[in-house]
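K.L.:
Each protein sequence line maps, in turn, to chains D and V.
Going left to right, the first sequence walks through residues 10 to 160 as my numbering numbers them.
Going left to right, the second sequence walks through residues 10 to 160 as my numbering numbers them.
These are computed hints drawn from the structure, not numbers from a lab.
Don't take every hint at face value.
Heads up, the list lumps identical chains together, so a pair's fine if it works in one copy or across two of them.
As a list, the in silico SDA-like pairs of lysine to any residue whose alpha-carbon atoms are at most 20 Å apart [as the list claims (entries may be wrong)]:
no.: 1; residue 1: K117; residue 2: E129
no.: 2; residue 1: K117; residue 2: L134
no.: 3; residue 1: K43; residue 2: A107
no.: 4; residue 1: K117; residue 2: A28
no.: 5; residue 1: K43; residue 2: Q75
no.: 6; residue 1: K117; residue 2: P131
no.: 7; residue 1: K117; residue 2: H135
no.: 8; residue 1: K117; residue 2: E150
no.: 9; residue 1: K43; residue 2: A20
no.: 10; residue 1: K43; residue 2: Y140
no.: 11; residue 1: K117; residue 2: Q132
no.: 12; residue 1: K43; residue 2: H59
no.: 13; residue 1: K117; residue 2: R105
no.: 14; residue 1: K117; residue 2: E145
There are 2 protein chains.
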Amino acid sequence: MTRWPLPEPMALALKEAQAAADSGEVPIGAVIVKDGRVIATGRNAPRERHDPTSHAEIEAIRAAAQVLGNERLEGCELWVTLEPCAMCAGAIAHARIARVYYGASDPKGGAVEHGARIFEHPQCLHRPEVYAGIGEAQAAEMLRGFFRARR
Amino acid sequence: MTRWPLPEPMALALKEAQAAADSGEVPIGAVIVKDGRVIATGRNAPRERHDPTSHAEIEAIRAAAQVLGNERLEGCELWVTLEPCAMCAGAIAHARIARVYYGASDPKGGAVEHGARIFEHPQCLHRPEVYAGIGEAQAAEMLRGFFRARR
Numbered sequence: 010m011t012r013w014p015l016p017e018p019m020a021l022a023l024k025e026a027q028a029a030a031d032s033g034e035v036p037i038g039a040v041i042v043k044d045g046r047v048i049a050t051g052r053n054a055p056r057e058r059h060d061p062t063s064h065a066e067i068e069a070i071r072a073a074a075q076v077l078g079n080e081r082l083e084g085c086e087l088w089v090t091l092e093p094c095a096m097c098a099g100a101i102a103h104a105r106i107a108r109v110y111y112g113a114s115d116p117k118g119g120a121v122e123h124g125a126r127i128f129e130h131p132q133c134l135h136r137p138e139v140y141a142g143i144g145e146a147q148a149a150e151m152l153r154g155f156f157r158a159r160r
Numbered sequence: 010m011t012r013w014p015l016p017e018p019m020a021l022a023l024k025e026a027q028a029a030a031d032s033g034e035v036p037i038g039a040v041i042v043k044d045g046r047v048i049a050t051g052r053n054a055p056r057e058r059h060d061p062t063s064h065a066e067i068e069a070i071r072a073a074a075q076v077l078g079n080e081r082l083e084g085c086e087l088w089v090t091l092e093p094c095a096m097c098a099g100a101i102a103h104a105r106i107a108r109v110y111y112g113a114s115d116p117k118g119g120a121v122e123h124g125a126r127i128f129e130h131p132q133c134l135h136r137p138e139v140y141a142g143i144g145e146a147q148a149a150e151m152l153r154g155f156f157r158a159r160r
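Work out the full structure: start from the sequences and follow the hints.
P.N.:
The following block contains the structure:
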């Protein structure tokens, strides 16, 4: 049997998630792609950075905006290992990200298909295309392993 | 007639908003108070900083977390001139801010009493006390003046 390979940006996002776990942070990673090229990566690091906004998506979005010299990431894709929370979904809308690909769903903290469902309100000024479930088994297992080890 | 004075942190948040307007940014300002002392300020600066997450609240929260050396701003108050958006309300919850005081309501982009109503979902792990309408006339007039001048 041959397993269908993960798209490269999601494989890279999972590597970022592992790097977060290695630093004692909840393992979540993100990658920004523009025109088929990775322009920024991010990993969850609120404890290390003393920054409650330091989620993988926010780190990747801020880095990409620096690379492009523009607050708007038009035409960019965000790949992230977990369903974005309300803060990150809001940032995705502000950044005008074209497409979001995420791994595991997050019924507890997610705000795309759960809870606040940020992109579904008329107040949301920009709605990305959203694709869920890419690499979800790997992303979810990494999170389970992390919390198992800390219990 | 004597007008009731604005609480000092909101007066300072309005000064931050004016500084944003002076830089060509939408005039929104924020202040973080802990134990009666201002520990951080922030102003809206997404264009200047090439950062879509650079809202007044996010800047103030990040600065306060650096000051405290802690991602959690336990016991802190956030004073902001406009109703927070979904991104900022999410950040407020992550930062465990105790009390939020805001000026003008924002039916278009707000996510506290409008739209996504971030603090009302069971997924929201922390709900601050919220006080609205402090300095709302000044905050709203500053925003109206800014957009009037740019039309």
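K.L.:
Go through the numbered hints given earlier and state which of them the structure violates, listing their numbers in rising order.
P.N.:
4
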